Amino acid sequence: MLSKKSLLDIESLELEDIKLILSNTDSFLEISKREVKKVPTLRGRTVFNLFFEPSTRTRTSFEIAAKRLSADIINFSAAGSSLKKGESIIDTLKTILSMKVDLIIIRHSDSGTAKMVDGFVDIPVINAGDGKHQHPTQALLDLYTIKKRFGQLKGLKAAVIGDFLNSRVARSNMELFEKTGMDVTLVSPAMFLPEDFSEFKVRYSIDDVIEDCDILYMLRMQLERQDRKFYPSIMEYNRFLSLDMERLKKMKPESIVMHPGPVNRGIEISDEVMDLSGKLAEKIVIEEQVTYGVAVRMAILYLILS
Amino acid sequence: MGKAEDKNILIRKGRIIDPAKKTESSADVFIKDGIVEKIGKNIKVAGSDIEVIDAGGLVVCPGFVDMHVHLRDPGFEDKETIESGAMAAVKGGITTVACMPNTDPAIDSEHAVKYIMEKSINAACRVLPVAAMTKGLKGRNITEMGLLSQAGAVGFSDDGKCVADSMLMYEIMRYSNQFGLPLILHEEDYNISKYGLVHEGHYSSMLGLEGISGLSDDLMIARDIMLAGRSKAKVHITHLSTAAGVEMVDKAKKDGIDITCDVTPHHLFFDDSVLSSFNTNFKVKPPIRSSEDRKALAEGIKSGVIDAVASDHAPHLDTEKNTTFKLAEFGTIGLETLFSAAYTKLCREEKLSLAEFISLITCGPAKILNIDAGKMEEGREANITVIDTEAEQRIKRGDFISKSKNSAFIGQKLRGKIVCTISKGKLVYNNK
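As they're listed, the protein sequences go chains A and B.
Quick note: the first sequence uses the numbering used here, first residue 1, plus one each step.
Quick note: the second sequence uses the numbering used here, first residue 307, plus one each step.
Mixed in with the good hints, there may be bad ones.
[As the list claims (entries may be wrong)] Now the stretches of chain A that chain B is said to cover, found in silico as 3 or more residues with beta-carbon under 8 Å: (1) 88-102; (2) 131-140; (3) 231-245.
In case anyone wonders, no lab produced these hints; they're calculated from the structure.
Everything numeric in this text was worked out from a predicted model, so none of it was measured.
Built from N, CA and C at the ideal position, the CB exists for glycine as well.
With the sequences and hints as input, model every part of the structure.
Next up, the structure:
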């Protein structure tokens with residue numbers, strides 16, 4: 001059991017909740033490795049994937065997680081739905097509740113929507129990303145990935161690089177990394193930093209952190225979420241903020257590179273690094289993040305619903 | 307005889323506050339045929355047809371003046387009407403409101419001003435139209451300010467919008483000067499505020515809500531102070547929200563510029579820490595700002611820089627507020643909580659004297675609009691509010707009589723309650 005009925009943001013997660021999610025993930029990870037990847041844990045429970053914003057990875061990850069736990073999962077996406085006919089979110093929720101579902105997973109382009117939905121329904125809600133606010137399950141799967149590699153979390157140096165202004169992943173990860181005792185540095189140009197992140201350590205170039213960090217967390221440049229584009233050019237971005245081979249080679253031996261996906265090739269990470277094979281490629285844990293994502297989400301569904 | 311509200315009224319043993327003179331006394335008030343006949347000790351009147359209000363332990367003062375109200379009439383009568391807004395006003399102890407012109411059609415013609423004047427004849431309180439500065443509030447052509455002022459407009463405003471064109475603003479100032487009416491200025495730089503939802507600061511950063519920097523207001527305040535200095539116009543900055551704004555108005559006053567300003571109860575009451583609830587009733591414009599800004603506004607009241615408290619009553623339908631923070635409309639209703647919200651903060655917490663506070667919602671705004679209101683004298687039409695300053699209540703959605711229920715104060719514990727309101731000589735609200 002988690003301390004709250006819903007998982008909306010990192011702030012409301014207790015350290016105990018985080019430990020519980022991480023420890024449960026180990027056993028669910030094992031299920032994903034079996035030939036028959038299914039347990040009857042949530043048989044008869046109905047999970048509603050309520051996605052108001054296009055998503056393939058997160059939606060699919062939740063869907064696989066629910067199915068491996070034998071829950072029934074229904075996918076709803078705004079495209080082709082009655083929202084196009086002018087139905088309000090509240091009315092959509094009323095309709096869903098009338099169908100007696102057990103849990104809602106919500107993704108929406110507006111910050112705060114998960115909290116709004118949670119205030120409206122009695123059943124648990126999982127925030128699968130709300131605007132520029134939070135994406136807690138992403139942060140938790142990232143944390144699990146780090147724990148798998150390093151064994152412990154305290155004192156690890158995490159550098160988070162990129163667009164903080166428009167990134168919900170950034171807000172969730174910064175908070176979760178700090179909460180679990182990691183040493184977090186933000187690397188971003190002024191126009192990609194919100195007005196007041198003054199309580200965090202900020203650097204302007206990836207070169208300031210590349211040699212010293214244990215975790216290099218590359219944020220996705222949220223081109224679709226930028227209201228106005230102030231950054232001068234991709235060439236400028238590459239010069240100060242991108243990961244290329246030269247920079248990868250400067251990293252500490254045990255250090256890792258993470259990205260929430262999908263990568264904008266040639267912006268956050270160069271093609272060469274993305275297509276790497278051999279020893280150095282082991283630094284890139286992007287695929288592990290996706291694999292562990294399913295197990296973490298299984299653990300969360302289990303802890304909330306059982 | 308006639309209806310209860312047509313009776314002569316005797317208010318006994320009230321604590322009478324004269325906000326203009328900032329004096330207090332204990333006395334009775336006798337209202338005959340709607341006129342204040344006598345204010346004095348132990349008034350003896352005979353006759354059965356007298357409504358006696360025992361005001362022992364209660365405050366008796368002039369009816370309030372709210373100089374910034376959206377009545378949504380004409381055009382948005384599902385949100386509010388002149389009639390329903392006036393009822394909400396008197397429930398809040400307000401007997402005069404100035405209504406803003408962002409209706410549909412906008413109050414930008416002689417005809418529209420006359421519509422407000424005529425429709426408000428039977429309203430529970432006085433309703434004074436503020437006319438648009440530019441036609442259709444579009445920020446391009448100056449309205450017929452001469453015709454509008456002759457028809458009864460008490461001021462000019464494009465409220466909800468800010469004239470971006472500085473040359474046009476300068477000409478508006480020069481022209482309005484001819485008619486002696488104030489320009490009520492909503493200050494906002496759209497290049498800064500365009501995508502914003504809330505105050506830009508710690509909370510917008512952490513919550514991922516698009517910010518509206520205080521610079522949005524401040525740059526336009528600075529511009530308009532400069533333009534007012536040159537044009538000699540009478541300008542009023544409405545819903546001041548920033549510390550820098552208070553500072554600039556203070557300096558402008560000292561420099562001899564004809565400038566006044568008001569602040570809303572919600573900007574005095576809340577700071578941006580309330581945003582973590584994502585409650586859309588906190589989505590207002592200008593946004594609820596930082597705790598430093600809030601403190602500066604309260605200080606501005608105490609030091610006398612701020613001339614009035616006004617509600618910026620902005621009714622919206624549930625469907626416009628029960629949605630995501632981004633999609634929700636800006637605005638909170640405020641008529642019914644004008645006194646109690648500001649009183650709770652200013653008098654109970656910030657220790658402003660009651661008489662000083664009442665002057666900010668009576669003679670203060672009356673002076674800005676140059677209207678005959680906010681006074682209580684023998685021989686004048688009775689516009690009087692009776693207040694229980696010790697009452698305490700938790701505000702509930704069901705309390706509101708306004709057509710819209712979008713109050714930022716729902717759930718708050720407020721001090722002070724309006725007991726009776728006598729408006730246009732009649733007892734129109736009695737909660738005794």
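Hint by hint, here is what the structure shows:
Given a C-beta distance limit of less than 8 Å, the hint that chain B covers the region 88-102 of chain A holds, as 3 residues qualify and 3 suffice. Using a Cβ-Cβ cut-off of 8 Å, 4 residues of the region 131-140 of chain A lie near chain B, which meets the minimum of three, so the contact claim holds. As drawn, the region 231-245 of chain A meets chain B at 0 residues by the rule of a beta-carbon pair under 8 Å; below three, the given contact is violated.
Going down the numbered hints, you'll see the structure goes against just number 3.
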